[in-house]
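Here's the letter readout for the chains.
2 protein chains.
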Amino acid sequence: MSARKERTSARRTRRGARQKASFAQLPRQKVINSFKPLEIISEDQIEAIHNASMEILENIGIKVRHPEARDILKKAGQKVDTDTEIVYFDRDFVMEAISHAPSEFTLHAPNPDCNLEIGGRNLVFSMVASTPNATDMDNGRRTGNQKDFRNFLRLAQSLNVIGTCGGYPVEPVDIHASIRHLECGRDFATLTEKVPYIYSLGRDRNLDGIEMARIARGISHEQMLKEPSIFTIINSNSPLMLDTPMLEGIMEMARHGQVVVLTPFTLAGAMSPVTLAGALAQQNAEALAGLSLAQTVRPGTPVMYGGFTSNVDMKSGAPAFGTPEYAKATIATGQLIRRYNLPFRSSNVNASNVADAQAAYESEMSLWSLVMGGANFVKHAAGWLEGGLSASFEKVIMDVEMIQMMIEMMKPIDTSPESLGLDAMREAGHGGHFFGTQHTQDRYETAFYTPILSDWRNYESWAEAGSPDALKRANTIFKTILADYEQPAHDPARMEELNEFVDKRIAAGGVKTDF
Amino acid sequence: MSARKERTSARRTRRGARQKASFAQLPRQKVINSFKPLEIISEDQIEAIHNASMEILENIGIKVRHPEARDILKKAGQKVDTDTEIVYFDRDFVMEAISHAPSEFTLHAPNPDCNLEIGGRNLVFSMVASTPNATDMDNGRRTGNQKDFRNFLRLAQSLNVIGTCGGYPVEPVDIHASIRHLECGRDFATLTEKVPYIYSLGRDRNLDGIEMARIARGISHEQMLKEPSIFTIINSNSPLMLDTPMLEGIMEMARHGQVVVLTPFTLAGAMSPVTLAGALAQQNAEALAGLSLAQTVRPGTPVMYGGFTSNVDMKSGAPAFGTPEYAKATIATGQLIRRYNLPFRSSNVNASNVADAQAAYESEMSLWSLVMGGANFVKHAAGWLEGGLSASFEKVIMDVEMIQMMIEMMKPIDTSPESLGLDAMREAGHGGHFFGTQHTQDRYETAFYTPILSDWRNYESWAEAGSPDALKRANTIFKTILADYEQPAHDPARMEELNEFVDKRIAAGGVKTDF
Numbered sequence: 001m002s003a004r005k006e007r008t009s010a011r012r013t014r015r016g017a018r019q020k021a022s023f024a025q026l027p028r029q030k031v032i033n034s035f036k037p038l039e040i041i042s043e044d045q046i047e048a049i050h051n052a053s054m055e056i057l058e059n060i061g062i063k064v065r066h067p068e069a070r071d072i073l074k075k076a077g078q079k080v081d082t083d084t085e086i087v088y089f090d091r092d093f094v095m096e097a098i099s100h101a102p103s104e105f106t107l108h109a110p111n112p113d114c115n116l117e118i119g120g121r122n123l124v125f126s127m128v129a130s131t132p133n134a135t136d137m138d139n140g141r142r143t144g145n146q147k148d149f150r151n152f153l154r155l156a157q158s159l160n161v162i163g164t165c166g167g168y169p170v171e172p173v174d175i176h177a178s179i180r181h182l183e184c185g186r187d188f189a190t191l192t193e194k195v196p197y198i199y200s201l202g203r204d205r206n207l208d209g210i211e212m213a214r215i216a217r218g219i220s221h222e223q224m225l226k227e228p229s230i231f232t233i234i235n236s237n238s239p240l241m242l243d244t245p246m247l248e249g250i251m252e253m254a255r256h257g258q259v260v261v262l263t264p265f266t267l268a269g270a271m272s273p274v275t276l277a278g279a280l281a282q283q284n285a286e287a288l289a290g291l292s293l294a295q296t297v298r299p300g301t302p303v304m305y306g307g308f309t310s311n312v313d314m315k316s317g318a319p320a321f322g323t324p325e326y327a328k329a330t331i332a333t334g335q336l337i338r339r340y341n342l343p344f345r346s347s348n349v350n351a352s353n354v355a356d357a358q359a360a361y362e363s364e365m366s367l368w369s370l371v372m373g374g375a376n377f378v379k380h381a382a383g384w385l386e387g388g389l390s391a392s393f394e395k396v397i398m399d400v401e402m403i404q405m406m407i408e409m410m411k412p413i414d415t416s417p418e419s420l421g422l423d424a425m426r427e428a429g430h431g432g433h434f435f436g437t438q439h440t441q442d443r444y445e446t447a448f449y450t451p452i453l454s455d456w457r458n459y460e461s462w463a464e465a466g467s468p469d470a471l472k473r474a475n476t477i478f479k480t481i482l483a484d485y486e487q488p489a490h491d492p493a494r495m496e497e498l499n500e501f502v503d504k505r506i507a508a509g510g511v512k513t514d515f
Numbered sequence: 001m002s003a004r005k006e007r008t009s010a011r012r013t014r015r016g017a018r019q020k021a022s023f024a025q026l027p028r029q030k031v032i033n034s035f036k037p038l039e040i041i042s043e044d045q046i047e048a049i050h051n052a053s054m055e056i057l058e059n060i061g062i063k064v065r066h067p068e069a070r071d072i073l074k075k076a077g078q079k080v081d082t083d084t085e086i087v088y089f090d091r092d093f094v095m096e097a098i099s100h101a102p103s104e105f106t107l108h109a110p111n112p113d114c115n116l117e118i119g120g121r122n123l124v125f126s127m128v129a130s131t132p133n134a135t136d137m138d139n140g141r142r143t144g145n146q147k148d149f150r151n152f153l154r155l156a157q158s159l160n161v162i163g164t165c166g167g168y169p170v171e172p173v174d175i176h177a178s179i180r181h182l183e184c185g186r187d188f189a190t191l192t193e194k195v196p197y198i199y200s201l202g203r204d205r206n207l208d209g210i211e212m213a214r215i216a217r218g219i220s221h222e223q224m225l226k227e228p229s230i231f232t233i234i235n236s237n238s239p240l241m242l243d244t245p246m247l248e249g250i251m252e253m254a255r256h257g258q259v260v261v262l263t264p265f266t267l268a269g270a271m272s273p274v275t276l277a278g279a280l281a282q283q284n285a286e287a288l289a290g291l292s293l294a295q296t297v298r299p300g301t302p303v304m305y306g307g308f309t310s311n312v313d314m315k316s317g318a319p320a321f322g323t324p325e326y327a328k329a330t331i332a333t334g335q336l337i338r339r340y341n342l343p344f345r346s347s348n349v350n351a352s353n354v355a356d357a358q359a360a361y362e363s364e365m366s367l368w369s370l371v372m373g374g375a376n377f378v379k380h381a382a383g384w385l386e387g388g389l390s391a392s393f394e395k396v397i398m399d400v401e402m403i404q405m406m407i408e409m410m411k412p413i414d415t416s417p418e419s420l421g422l423d424a425m426r427e428a429g430h431g432g433h434f435f436g437t438q439h440t441q442d443r444y445e446t447a448f449y450t451p452i453l454s455d456w457r458n459y460e461s462w463a464e465a466g467s468p469d470a471l472k473r474a475n476t477i478f479k480t481i482l483a484d485y486e487q488p489a490h491d492p493a494r495m496e497e498l499n500e501f502v503d504k505r506i507a508a509g510g511v512k513t514d515f
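As you go down the protein sequences, you meet chains R and D in turn. Letter 377 of the first sequence, counting from 1, is numbered 377 in this note's numbering, and no numbers are missing. Letter 3 of the second sequence, counting from 1, is numbered 3 in this note's numbering, and no numbers are missing.
Some hints could be false.
The list makes no distinction among identical chains, and a pair is therefore deemed to hold if it is satisfied within one copy or across any two copies.
[As the list claims (entries may be wrong)] Straight-line alpha carbon distances no greater than 30 Å define the calculated DSS-like cross-link-like pairs of lysine-lysine that follow:
| # | residue 1 | residue 2 |
| --- | --- | --- |
| 1 | Lys36 | Lys411 |
| 2 | Lys226 | Lys30 |
| 3 | Lys472 | Lys512 |
| 4 | Lys411 | Lys504 |
| 5 | Lys472 | Lys79 |
| 6 | Lys411 | Lys74 |
| 7 | Lys315 | Lys411 |
| 8 | Lys504 | Lys479 |
| 9 | Lys30 | Lys512 |
| 10 | Lys512 | Lys147 |
| 11 | Lys504 | Lys147 |
| 12 | Lys315 | Lys479 |
| 13 | Lys226 | Lys411 |
| 14 | Lys411 | Lys30 |
| 15 | Lys75 | Lys315 |
| 16 | Lys74 | Lys36 |
| 17 | Lys472 | Lys315 |
| 18 | Lys30 | Lys479 |
What the hints contain is simulated information worked out from the structure, not anything from laboratory work. Computed from a predicted model, the values in this text were never measured in an experiment.
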């Protein structure tokens, strides 16, 4: 084991996941994006898209499919057509409402070491979520189930650069839908120490999720109201519609001071105009509509604006991800969101059916554009395949490597006189080498990023080892991590209370599933 | 065939390579990088690196292993130590010399449609070069040979986003070294219409290359002197040394007004300090030394500054590429080069042994950093594997896909009222769809990038087709392109003159190979 690995392992034991030295990853850390956000559209173009979205809100309106939500908006002075369920949002109301949203906040985890800083220049990566299938090289592609679900949670707990999960990494359909959120919430609180997530599939689930998050942290309802400890994604039913469970999610999470991430699913050419400008204008209208409702329910409630605009394959109608259009939309979305001073949620996505070169280059298009675009929270950062239809164990490892490389790239360059190293050049001499210089000896252990997956052996050594490609190596690595996984130590009283709550709710039949 | 492909094919027939419709690529085009260059170091840090490099030039000096070159520099007032061969460059001399270099120029090709605009916001991609091995899925890895060399030239000719080759894509070692540059020059002028390259391996080769380039363009020596029509790479022998053939290359190319690309091979931890700042300071000193010699020989001669700083794997000493350090060095190099107003040469590199996910993510690290860093000319843009020890036919296709995606990403976003598409939203209605709207129908053929390699079929269709991963699909594509390849029509008189020249030089025994 190299000296560098030893050091990293030691640090990990203190600060990160309890893991064996067989896997030398970056330590748990807060990631600050040091780059000035990239601009792909001009100030005038930002205003053109903003104004188009305001026109959409005022003149075309948003269909709000929940009477309570319409009442709240009506009382706030918005024009509501009860027959069509369309609410016409006034632009001054929208801008005033979202001005109350915090630009930065902390998402609190059961283990405070796993708290997430959201907004500003912070950058948080979260696991793939909501896929119907799991896949790995050994067992192939199969329908989501609790065993795979739990293994993805174990990876999420073990991987230091993965802040949390943004939903079930894979949907465990072997658990009945009425109690799935309860069993999964329990699994999550047992197998990880990180910030929980709740799907907005009806008010009761949101309330159960909030209560489980509170119990896992061992805090009072009052403290919970002040400290966001769970989050949900609200996808508008693009175009220009918010449905009943999504609206209940907005209202319940806002009432409890928990985090609403409003992400329109604006696929250009399908659920939004075929043009990027049109898709972005519609995305903006939908996001601001939902977020202004959240801020009306409880001014100052923590929220994020999610950008998910991509395009479809016009030959098949299938969604495409990690495309040039996706990258452009991501960068432009960052510019729009900064206009409103809101935290920016993005995603690491691709449309490949296998964790191959396509999966990697589409993911890099996503990752680079979201880093350049100044995103704060990355859903689906590790493991997503097939446009979200599969969670891949091997892809988790590839993505973590790509994420670690991005994190390392954002570290500043030291240009101190010692770093400039003129004495080392004198020591090496013209045509000499630097391996043996004191300057190198003092620094070689920490000078460069050590990869977890990349194989830099020469061709002959690599061929002798059986020519393992990145997919094969990732397969070995994820299994090593699972074998090394140790369940975190939780407060026994909190776990007892959580189990009691979950058992009681399951005994009562869970939640309705018929809407 | 989709309507979009038809359109693209038609355009290609007119403007790009003559190719069958089986492969729908982007048309031949000048690429303008629309992004403001990214900054990774401050103005003060740029000055710190600049000043360190000036101190290196003045006080440590550069070993210049050619008496003629030392004489030129001595006559220009530089301090020369004849015993050690070290030249101490005065900073005012260096800055004055390089101020004569043009910031933009045209590299002229035998077919003017293939001219390359170098510098400014232009971005040109060129083929992998100088690898000792070729590889593909069918025949595996083999020593470079003329057959593979010619097939890579055919790909370079057929692929519209590939501006030219920056050297032999693979070294054809079955041609004797004394006549290799002649046979390869003839092959290049026969199989492509693009700008030729000559290795700086002794004065005679440079002169042969320049003459072949002149004949292939059918122009006079006088016109040739005014119109750069061939280029060479000069790698300093880092640290801080320029050897005999490289110095002859600088002098001969400059005398003839042809393009010198000065690229120090500063691998941090091996041939340069282990710190990025040290490696960059040394790179800067070496590049500016060579470039100031070129400008002294002939003020105003066209040059580029090449950034190739990367790091080694400190465990094995092997070069690593596409690393976080490589990306940082690339972005910082762009900042340095813009200080001197010179064109910036970079590379698309990786260290993978196979065209897998690692090859793709390391390449994307290279491509994104060089695009963000404002590079002008990209060597090794397509086909490089194994840190440059293999040229891969499949990787060419993967890289062309990645390059096309970058090009598409740089196209501006249209935010005109028509593009914002509010009428389409009214037509689609709340919760409706956009496939059938007039707005979509008017635009769907051209709205999005059509990939050449990415597979967006659903999992079931893809599995039914045999689950081909990106490597397998790239294999099919490169063979299709080779099967469809048609040799360009050349001026018969020029070809006759070229053949006469090459045959005569070969009959005379070619060049000396014993230095």
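Is it within, between, both or neither when you check lysine 472 against lysine 315 at 30 Å Cα-Cα?
Answer is between: at 22 Å across copies they meet the 30 Å cutoff, but 33 Å inside does not.
Using 30 Å as the alpha-carbon threshold, which applies to lysine 226 and lysine 30: within, between, both, or neither?
Within. Shortest intra-copy distance 22 Å satisfies the 30 Å Cα cut-off; inter-copy 55 Å does not.
At 30 Å max between alpha carbons, let me know whether lysine 504 reaches lysine 147 within a copy, between copies, both or neither.
Result: close within a single copy only, 23 Å intra versus 74 Å inter.
For the identical chains here, do lysine 30 and lysine 479 meet the 30 Å Cα criterion within one copy, between copies, both, or neither?
Result: close within a single copy only, 27 Å intra versus 47 Å inter.
Are the CA atoms of lysine 315 and lysine 479 at most 30 Å apart within a copy, between copies, both, or neither?
Only across copies: lysine 315 and lysine 479 sit 24 Å apart there, 38 Å inside one copy, limit 30 Å.
With identical chains, the pair lysine 315 and lysine 411 could be close in the same copy or across copies; at 30 Å between alpha carbons, which is it: within, between, both, or neither?
between (42 Å within a copy, 22 Å between copies)
At most 30 Å between alpha carbons: which applies to lysine 472 and lysine 512, within, between, both or neither?
neither (43 Å within a copy, 48 Å between copies)
Within, between, both or neither: how does the pair lysine 411, lysine 74 come out at a Cα-Cα threshold of 30 Å?
neither (49 Å within a copy, 43 Å between copies)
Is it within, between, both or neither when you check lysine 504 against lysine 479 at 30 Å Cα-Cα?
neither (35 Å within a copy, 64 Å between copies)
At most 30 Å between CA atoms: does that hold for lysine 75 and lysine 315 within a copy, between copies, both, or neither?
Classified as neither: same-chain Cα gap 46 Å, cross-chain 67 Å, threshold 30 Å.
Within, between, both or neither: lysine 472, lysine 79 at alpha-carbon 30 Å:
neither (58 Å within a copy, 57 Å between copies)
Pop the pair lysine 30 and lysine 512 into one bin, within, between, both or neither, using alpha-carbon distances up to 30 Å.
neither (39 Å within a copy, 59 Å between copies)
Checked against the numbered hints given earlier, this structure breaks hints 3, 4, 5, 6, 8, 9, 13, 15, 16; the rest are met.
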